[in-house]
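Student: What follows is each chain in one-letter form.
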Amino acid sequence: MKALRAALAVAAVPFGIVGYRILVHDLHSSPQNAVASVAVAWTFVAAGLVAWARRPQNRVGVLMTFVGYALLERKLQYSHDSRLFTAAFVFGEIGLGAALAHVVLAYPSGRLTTRVERWFVGTAYTAAVAFPAAMLLVWDYPRSCVYDCGHAFRQHSSIPIAPNETVFHALDQVFKIGVYGVFAVVFIALIAWRLWHATPRGRRLLAPLLLAGVVAGSRAVWGSIHEISGAGTSDPFYWWQVTGQIAIPLALLAGLLSARLARGGVADLIVELGRTPSGGVRDALARALHDPTLQVAYWLPMRQSYVDEDGRAVELSEDGRAVMRLEDIAAIVHDPELDPDLVEAAGAAARLALHNARLQADVRAQLGKVQESRRRIVTAGDEQRRRIERDLHDGAQQRLVALALELRLAQRELGAVADPQIERILASAVDELQVAVEELRELARGVHPAVLTEEGLAGALESLAGRTPVPVEIVSAPDDRLPPEIEAAAYFVACEAITNAVKHSQATAIRVHANRRNGRFVIEVEDDGIGGAKENGGSGLRGLVDRVEAHGGTLRVESEPGQGTRVVGELPCAR
Amino acid sequence: MGRAIVVDDHPAFRASARRLLELSGYEVVGEASDGASGLALAREHEPELVLLDITLPDMSGFDVADELAESPSSVVFVSSRDQNDLGRRARRSGALGFIPKDRLSEESLLAVVGSTR
Chain B
63 MKALRAALAV
73 AAVPFGIVGY
83 RILVHDLHSS
93 PQNAVASVAV
103 AWTFVAAGLV
113 AWARRPQNRV
123 GVLMTFVGYA
133 LLERKLQYSH
143 DSRLFTAAFV
153 FGEIGLGAAL
163 AHVVLAYPSG
173 RLTTRVERWF
183 VGTAYTAAVA
193 FPAAMLLVWD
203 YPRSCVYDCG
213 HAFRQHSSIP
223 IAPNETVFHA
233 LDQVFKIGVY
243 GVFAVVFIAL
253 IAWRLWHATP
263 RGRRLLAPLL
273 LAGVVAGSRA
283 VWGSIHEISG
293 AGTSDPFYWW
303 QVTGQIAIPL
313 ALLAGLLSAR
323 LARGGVADLI
333 VELGRTPSGG
343 VRDALARALH
353 DPTLQVAYWL
363 PMRQSYVDED
373 GRAVELSEDG
383 RAVMRLEDIA
393 AIVHDPELDP
403 DLVEAAGAAA
413 RLALHNARLQ
423 ADVRAQLGKV
433 QESRRRIVTA
443 GDEQRRRIER
453 DLHDGAQQRL
463 VALALELRLA
473 QRELGAVADP
483 QIERILASAV
493 DELQVAVEEL
503 RELARGVHPA
513 VLTEEGLAGA
523 LESLAGRTPV
533 PVEIVSAPDD
543 RLPPEIEAAA
553 YFVACEAITN
563 AVKHSQATAI
573 RVHANRRNGR
583 FVIEVEDDGI
593 GGAKENGGSG
603 LRGLVDRVEA
613 HGGTLRVESE
623 PGQGTRVVGE
633 LPCAR
Chain V
162 MGRAIVVDDH
172 PAFRASARRL
182 LELSGYEVVG
192 EASDGASGLA
202 LAREHEPELV
212 LLDITLPDMS
222 GFDVADELAE
232 SPSSVVFVSS
242 RDQNDLGRRA
252 RRSGALGFIP
262 KDRLSEESLL
272 AVVGSTR
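These protein sequence lines map, in sequence, to chains B and V. For the first sequence, our numbering assigns the number 63 to the initial residue and increments by one for each residue that follows. For the second sequence, our numbering assigns the number 162 to the initial residue and increments by one for each residue that follows.
The hints are simulated quantities; they were obtained by calculation from the structure and are not laboratory data. Note that beta-carbon positions come from the ideal geometry of N, C-alpha and C, so glycine has one too. Incorrect hints may appear among the rest.
Now the in silico label distances, taken between C-beta atoms and shown as ranges [said to hold, decoys possible]:
1. Ile-439(B) - Leu-271(V): 46 to 54 Å
2. Gly-457(B) - Arg-180(V): 18 to 26 Å
3. Leu-184(V) - Leu-505(B): 27 to 35 Å
4. Leu-184(V) - Thr-616(B): 53 to 61 Å
5. Ala-173(V) - Leu-429(B): 50 to 58 Å
6. Asp-542(B) - Gly-255(V): 18 to 26 Å
7. Glu-504(B) - Arg-164(V): 34 to 42 Å
8. Glu-183(V) - Ala-491(B): 38 to 46 Å
9. Ala-173(V) - Glu-494(B): 45 to 53 Å
10. Ala-491(B) - Ala-201(V): 36 to 44 Å
11. Ala-173(V) - Ile-439(B): 51 to 59 Å
12. Ile-439(B) - Arg-180(V): 44 to 52 Å
Anything over 12 Å on all C-beta distances counts as not near chain B; from chain V, calculated [what the hints assert, rightly or not]:
13. Ala-178
14. Leu-184
15. Ser-198
16. Glu-207
17. Glu-209
18. Glu-228
19. Val-239
20. Ser-240
21. Asp-243
22. Asp-246
23. Ala-251
24. Leu-257
25. Gly-258
26. Val-273
27. Val-274
28. Gly-275
Full structure from sequences and hints, please.
Tutor: What follows is the structure, given as structure tokens:
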């Protein structure tokens with residue numbers, strides 16, 4: 063490839079000189095106009111070869127070189143040699159129209175990104191060849207003329223199959239006015255559309271090149287308008303065209319320079335990553351690539367999905383964004399206007415840091431799953447408790463109370479005729495049944511109090527206070543219902559704390575606060591007992607810590623000896 | 162003493178309760194196993210006493226009692242749960258009273274009905 067580029071660079075020189083000679087001697091251009099025309103072509107070739115050498119994977123360089131050569135080839139169509147004219151005329155319009163539009167629209171990735179752009183460029187190439195070819199077929203020598211028509215010499219097609227000046231003239235007009243003018247307008251519209259939809263960074267990157275494209279395109283529109291009016295073109299138009307054309311490769315060179323500066327940012331990235339914790343890899347990449355919207359998603363092979371750095375599952379959104387995948391590690395979602403080579407270089411530089419960050423994201427994802435599973439287990443446990451309480455109530459409890467009632471009726475019906483022995487047995491059975499029912503109620507309450515299900519936390523706390531032998535003051539309680547898992551966790555915290563206060567702390571008064579504070583639900587139980595309680599003291603508080611933490615909350619025990627005990631549970635509660 | 166109906170979803174308890182009410186001098190004019198049927202029965206017969214379970218399959222006994230608030234019937238709640246386990250509504254209800262099912266007897270019924278007469 064290097065040899066090919068060298069050969070193309072060398073060949074452009076004699077090619078340009080031949081073109082210059084034809085422009086001056088055959089087209090009768092002024093030497094300065096001819097030099098400018100060749101200089102435009104050489105600028106394209108030079109800029110194209112530099113771009114090609116710097117970015118062999120990017121087609122922009124090849125396209126620029128092609129435009130340069132097409133522009134050089136265009137000079138040959140002014141030759142007085144019929145065969146050379148015929149061959150050059152067929153392809154002469156490619157460089158000035160289709161290829162130029164192609165390179166501008168393909169910048170910076172080297173690829174046409176939308177279907178409309180592909181359609182436009184394809185049609186432009188077709189029209190650029192089809193119209194001149196058709197004109198050569200109906201060329202009516204010596205009446206037909208396209209260049210330098212004021213001069214005595216007239217060019218001659220080598221392939222005039224059906225000479226017809228009327229058809230020739232019509233084709234010439236349609237091409238120059240209809241096709242060229244319409245295509246130039248569409249070209250400018252595509253540029254405007256692209257700028258409109260580009261990200262701010264993309265606009266900065268594209269603006270110079272696209273502005274040059276607009277200058278060249280608008281000149282074509284203006285030329286078509288003049289063709290309609292029959293005014294012909296003049297020197298100012300020529301220099302307008304030259305300015306627009308030469309600005310394009312210069313803008314590309316500016317783009318290359320900015321890419322080189324950005325590559326310096328990648329070098330800085332390598333240094334920065336050495337000092338950055340793995341959580342900061344995204345920020346470092348965003349800074350190095352000057353893309354604050356950049357996102358990094360880490361690939362978890364076991365889950366076959368992407369997660370963010372906190373381990374949360376993410377979908378790669380490719381809507382209007384570009385994605386660069388680092389195999390088995392991560393995907394970088396970035397501004398589509400960023401140079402893909404640059405993103406790849408940054409990704410390669412950050413590979414080790416991204417690998418570490420991916421491992422951390424993996425651990426966080428697993429931790430998240432454990433946390434979620436823990437919450438589900440507790441919630442399922444609560445649901446199970448509710449069901450057991452309902453089953454006890456609907457089953458054993460009902461049967462026992464029905465039996466008690468039956469025995470009472472038996473007592474009543476036997477009345478005075480009953481054997482005293484039987485009466486004692488019946489009375490004892492009724493008493494035993496009542497004890498059994500009471501024990502069953504106590505058991506059901508401990509499993510999951512029905513009042514908590516029916517009336518929520520406030521009712522359940524009142525009920526709890528009502529059956530506690532030590533005075534319990536409910537200082538505050540929520541008026542509305544909370545999520546069932548929060549109500550259950552808060553209730554069991556209060557229940558355990560009150561039970562401990564009664565059993566172990568010799569408390570004479572207990573106060574309960576239950577309310578929302580800053581998006582959390584706080585349950586607080588304080589007593590005036592002897593204190594000295596410990597979270598891990600076998601008081602059942604350890605189990606409560608697990609229950610509260612399973613819901614993302616915290617539980618703390620403040621219990622200095624002689625200063626009472628304060629148990630505070632905090633649970634996340636958005637509503 | 163008047164007419165009564167029993168509203169409870171457990172057939173065995175309804176049968177026992179009917180016998181108890183009859184022994185206590187009530188004429189049991191109907192039984193219902195859910196709240197809606199109980200309401201319909203109460204509106205049809207307008208009994209002096211409605212012995213009403215709190216936990217019913219279709220609605221709460223408290224809601225049934227609220228519906229009957231304007232009727233001439235007196236409501237006595239029964240439940241296999243303790244009154245303390247039933248929360249605020251049991252304490253604030255307009256019913257004549259509450260008797261845990263395991264304590265239901267002629268004496269407890271008379272105590273509740275008689276205490277408010």
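Student: Which of the numbered hints above does this structure break?
Tutor: 8, 9, 11, 13, 14, 19, 20, 21, 22, 23
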